[in-house]
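The chain contents come next:
Number of protein chains: 2
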Amino acid sequence: MEPITLAHGSGGKKMVTLIEDLFLKKFNNHNLPQGNDFTSFEVSQKKLAISTDSYVISPLIFPGGDIGSLAVHGTVNDVCMSGAKPLYLSASFIIEEGLDLKILEKIVSSMAEASKKTGVPIITGDTKVVEKGKGDGLYINTTGIGEIPSNLNITGSNAKPGDKIIINGSIGDHGMAILSFREGLNFETTLQSDSAPLNSLIALMCEFFPQINCLRDPTRGGLAACLNELASQSKVAIKIFEENIPIKTEVHSACELLGLDPLNVANEGKLVTICPPEIADDLLKTMKSHPFGVNSQIIGEVLEGTDVFMETSFGGQRKISWPESEQLPRIC
Amino acid sequence: MEPITLAHGSGGKKMVTLIEDLFLKKFNNHNLPQGNDFTSFEVSQKKLAISTDSYVISPLIFPGGDIGSLAVHGTVNDVCMSGAKPLYLSASFIIEEGLDLKILEKIVSSMAEASKKTGVPIITGDTKVVEKGKGDGLYINTTGIGEIPSNLNITGSNAKPGDKIIINGSIGDHGMAILSFREGLNFETTLQSDSAPLNSLIALMCEFFPQINCLRDPTRGGLAACLNELASQSKVAIKIFEENIPIKTEVHSACELLGLDPLNVANEGKLVTICPPEIADDLLKTMKSHPFGVNSQIIGEVLEGTDVFMETSFGGQRKISWPESEQLPRIC
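Each protein sequence line maps, in turn, to chains Z and U. Just so you know, our numbering puts 7 at position 13 of the first sequence, and the rest follows in order with no gaps. Just so you know, our numbering puts 1 at position 7 of the second sequence, and the rest follows in order with no gaps.
It is worth saying that the hints were derived from the structure and are not from the lab. Any given hint could turn out to be false.
Any copy, or any two copies together, can satisfy a pair, since identical chains are not distinguished.
Calculated lysine-lysine pairs in the DSSO-like style (CA-CA distance at most 30 Å, straight line) [to be verified]:
no.	residue 1	residue 2
1	Lys79	Lys279
2	Lys154	Lys79
3	Lys313	Lys7
4	Lys128	Lys20
Here the structure is a predicted model, which means the values were calculated and not measured.
All chains, please: the whole structure from these sequences, using the hints.
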């Protein structure tokens, strides 16, 4: 099959053909084929949320997903961490000359499928091609727009002493799946990325519990970075309980083998929520009723102070710091 | 000065420092420092426009601009080709390991200055670092959001036979500036990119002439691609007059020397507008009153049919085709 050439990104006939035959066909929706460099759309709420991410994950296709589905899930998740209903995505491709068109097609198809499943259409885009050796196959940027219901006020600075902290399932799956696949490590079971769109889970949570104070997805830097961010933004301390944190056995083993702390490993289908203590049990029950929340757990609580620390399974305490140095490059 | 390392993109302490000490300081605005992965904002119109572009221009700094200012101007321009008032930008950086932090600072400063001058703040962002040899210094994605006034209906499919076609100044400046700088060609005068934000010119045009049918910026593929796109979307023919098309002498000479057609060369501060014939002269006068429209010209008209063609200075006619093959890679 034809490889991508610089002409596919130069604004001429080849680029138009690529856009019409691949992108427009796969991303097919009524907003997309307007043929302009912009796309127009209507909103019904005044308060919007925007988020952007460039995906540079290596390899492009991995157990549990690929850069295309990840670019949809990741940005949809960031937008809805405001409590917003994600409306639309933009998608921008930086393709390395020589990429097999078949691989591009496979990834664009997967992206289109993820967009359809999450109900968030891709309505505008851009294609650039760079010379061989100036990229790594494919980088994708997605930017998402959503509407924030007027009864919500969810932000990282809203955690209050006494609040409970809930996570919707096991940590470290994404990072360890990428790392072990990339390094050719063989474990008894194949580790799978947890890459998933969290918009329907969050819509359910926010419909019944608009009192939720914080939502955040523990991606790069893992749960440790996520909790440190929240503690720092809200000017509070956070205490988590090691025995309550869900970790799959195979992730635990892989981390031990490689000397990694699962608290620092990236997730792509997880959220941390902080809520007033009086709604915590009911919120947990609601989360458990959703396919992406079955393994939800209350993992800790907010205290006065400034640090993040963990009560270990042996009854000790250790400080959970910001991950300092490079652990896993290019996992998203 | 310290070079960028993979740790600057890994979600840890180094990334937080880079974001706080560089991006937040330079892009300083009241929306940005919310500390979340999303940013929320309010709109007052129902109809919005969105546009995205990844900038991969080489070299990063060139006569008349750099990748930072270009990433602001380019996306602001795409958004306002809908007649919209651009409100906000997102900015996402893919940095190659080893990039000098000084160069990154220079580009981010230029981007911040461009954002301030155009009045379109950067309110959310993302930073990724890829290994040496997997990028080319820096790629920047910007995505823009704007509000479309309810009295406008500007789209590429609105051109009607009889309409007049106006351009706001000379063509080919950007592409020839990049090419001659990149190839080390010396002309008598230094060619400068025309990179400029067109939002205030467009706001002026749309305020007094809401009847405008089309707006488009002739970027990649130049005026030839732009007019072919408009003719194809509107299902009309377009006729332009060679002697009316503004081209600077030095751009003309450089194109002749290199065997390039200035109609195919990219612009970054130009717009083509198509309007009903009865407002063309007054619209032209209004455009000429704006600093970015001083050299505006009526360059042609819309006819029934399907082709784009040019009446040459010698009275002949030639078909203006889509640029077919790669001319100038990585000029935006």
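How would you label the pair Lys128, Lys20 (within, between, both, or neither) given a Cα cut-off of 30 Å?
This pair counts as both: shortest intra-copy Cα distance 27 Å, inter-copy 28 Å.
Within, between, both or neither, where Lys154 and Lys79 count as close if Cα-Cα is 30 Å or less
within (25 Å within a copy, 39 Å between copies)
Is it within a copy, between copies, both, or neither that the alpha carbon of Lys313 lies no farther than 30 Å from that of Lys7?
Between copies, since 15 Å is at most 30 Å while 58 Å is not.
With 30 Å as the alpha-carbon cut-off, assign the pair Lys79 and Lys279 to within, between, both or neither.
within (22 Å within a copy, 45 Å between copies)
Of the numbered hints given earlier, the model fails none.
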